[in-house]
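Enquirer: Below are the chains, spelled out letter by letter.
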Amino acid sequence: MAQAESRNQTPRPLSPHLQIYRWTWTMAMSIFHRVTGVALYFGALVLAWFFLSIASGPEGYAGSSWFFGSWFGYLILFGFTWALMHHMLGGLRHFVWDFGKGFEAEERFLLAKLTLAGSVGLTLLIWVIVLIAR
Amino acid sequence: MAENRFDTGTSIRTPMARARGLGASGGGTEHFWQQRITAVANVLLVFPMIIILAMTVGRPYEDAAAIMSHPLAAILSALFVISIAIHMRLGMQIVIEDYVHGKGAKVAALLANTFFTVAVAAASLYAILKIGLSPLL
Numbered sequence: 132m133a134q135a136e137s138r139n140q141t142p143r144p145l146s147p148h149l150q151i152y153r154w155t156w157t158m159a160m161s162i163f164h165r166v167t168g169v170a171l172y173f174g175a176l177v178l179a180w181f182f183l184s185i186a187s188g189p190e191g192y193a194g195s196s197w198f199f200g201s202w203f204g205y206l207i208l209f210g211f212t213w214a215l216m217h218h219m220l221g222g223l224r225h226f227v228w229d230f231g232k233g234f235e236a237e238e239r240f241l242l243a244k245l246t247l248a249g250s251v252g253l254t255l256l257i258w259v260i261v262l263i264a265r
Numbered sequence: 103m104a105e106n107r108f109d110t111g112t113s114i115r116t117p118m119a120r121a122r123g124l125g126a127s128g129g130g131t132e133h134f135w136q137q138r139i140t141a142v143a144n145v146l147l148v149f150p151m152i153i154i155l156a157m158t159v160g161r162p163y164e165d166a167a168a169i170m171s172h173p174l175a176a177i178l179s180a181l182f183v184i185s186i187a188i189h190m191r192l193g194m195q196i197v198i199e200d201y202v203h204g205k206g207a208k209v210a211a212l213l214a215n216t217f218f219t220v221a222v223a224a225a226s227l228y229a230i231l232k233i234g235l236s237p238l239l
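For the record, the sequence lines run as chains A and B. Offset between the first sequence (1-based) and this note's numbering: plus 131. Offset between the second sequence (1-based) and this note's numbering: plus 102.
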């Protein structure tokens, strides 16, 4: 490795990184899928905390209740809902591809746009229903 | 028969390696397949889970504990936690393998990934079982 580096006096061409590419819907939704996946990964801690707070009794539950009742808690839960819906629809998009369909240019862009529109729509729908039903 | 036979004359892969079909990873398509199985389970479980959580979050302790101790809520929650934990581990493994290139750092990150997902699942399942079984105690 060290030998190879010393011999390379001229910088070798590198493959372009993200900021070089023109943004496309498919690229953006691919990134969104990964980012929401990572967010949900750490968001699972919030779910575990909620379960544990009930298991620990009324005092522990009061702590999580205060958090989820605060504006910050609402923000977290709203973001969690959107990330969940977006990652789910992104996954369903992958299922379409797994069956060998949806690879045409038009179809790919339509699926990408539907993923974002669907995730925003489903998130708002869930929150309207939950807030009305409660 | 002969048409689809692997050309052993130009490949250094052994017939046994070919027959096993596990490739360089040693795991074949298992990672992909487990990711898809848990994805299907997650899609099926996520809306019942949202309903359970929406009925619970922000409610007085007695109401929340009563809902979570219902067998349906406890079983669905446990299944959801198991499915997402496996899915999380597989997904983060891909992310780590994409971005962490140092051999030591990669092994450490993959180990941390496994520990984190198992710990989240264990803690959640402990809580779910404790709530679910508490009416019996």
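I should point out that these hints are in silico values taken from the structure, not numbers from a laboratory. C-beta atoms are modelled at their ideal positions from N, C-alpha and C, and glycine is treated no differently. Among the hints, a few may not be true.
Examples of chain A residues toward chain B, derived with CB under 10 Å [as the list claims (entries may be wrong)]: (1) 155; (2) 169; (3) 176; (4) 189; (5) 209; (6) 213; (7) 215; (8) 216; (9) 218; (10) 227; (11) 261.
One-sided excerpt, in silico: chain A residues whose CB lies under 7 Å from chain B [unchecked claim]: (12) 172; (13) 174; (14) 182; (15) 186; (16) 191; (17) 192; (18) 198.
Enquirer: So, for every hint listed, does it hold in this structure?
Expert: Verification of the supplied hints:
1. Hint status for residue 155 (chain A): violated, given a least beta-carbon distance of 20 Å to chain B, over 10 Å.
2. Here the hint on residue 169 (chain A) is kept, as its CB sits about 6 Å from the closest CB of chain B, short of 10 Å.
3. Below 10 Å, beta-carbon pairs count as interface contacts, and residue 176 (chain A) has one with chain B at about 6 Å; its hint therefore holds.
4. This hint holds: residue 189 (chain A) has a C-beta 4 Å from the nearest C-beta of chain B, less than the 10 Å allowed.
5. Because the beta carbon of residue 209 (chain A) sits about 12 Å from the nearest beta carbon in chain B, more than 10 Å, this interface hint is broken.
6. A least Cβ separation of about 12 Å between residue 213 (chain A) and chain B goes past the 10 Å threshold, and the interface hint is therefore violated.
7. Checking residue 215 (chain A) against chain B by beta carbon gives a least distance of about 7 Å; that is within 10 Å, so the hint holds.
8. About 9 Å separates the beta-carbon of residue 216 (chain A) from the nearest beta-carbon of chain B, less than 10 Å, and the hint is met.
9. The beta carbon of residue 218 (chain A) is positioned within 10 Å of a beta carbon in chain B (closest approach about 9 Å), and the interface hint is therefore held.
10. Interface restraint check: residue 227 (chain A) against chain B, minimum CB-CB distance 13 Å, threshold 10 Å, status violated.
11. A least Cβ separation of about 4 Å between residue 261 (chain A) and chain B falls short of the 10 Å threshold, and the interface hint therefore holds.
12. Checking residue 172 (chain A) against chain B by beta carbon gives a least distance of about 5 Å; that is within 7 Å, so the hint holds.
13. A distance limit of 7 Å between C-beta atoms decides the matter here; for residue 174 (chain A) the minimum to chain B is near 10 Å, and the interface restraint is violated.
14. Interface restraint check: residue 182 (chain A) against chain B, minimum CB-CB distance 4 Å, threshold 7 Å, status holds.
15. With a least beta-carbon distance of about 4 Å to chain B, the hint placing residue 186 (chain A) at the interface is held under the 7 Å criterion.
16. A distance limit of 7 Å between C-beta atoms decides the matter here; for residue 191 (chain A) the minimum to chain B is near 9 Å, and the interface restraint is violated.
17. Contact between residue 192 (chain A) and chain B, as hinted, is supported at the beta carbon level, the nearest pair being about 5 Å apart and thus within 7 Å.
18. A cut of 7 Å between beta carbons decides the hint on residue 198 (chain A): the least distance to chain B is about 10 Å, and the hint is violated.
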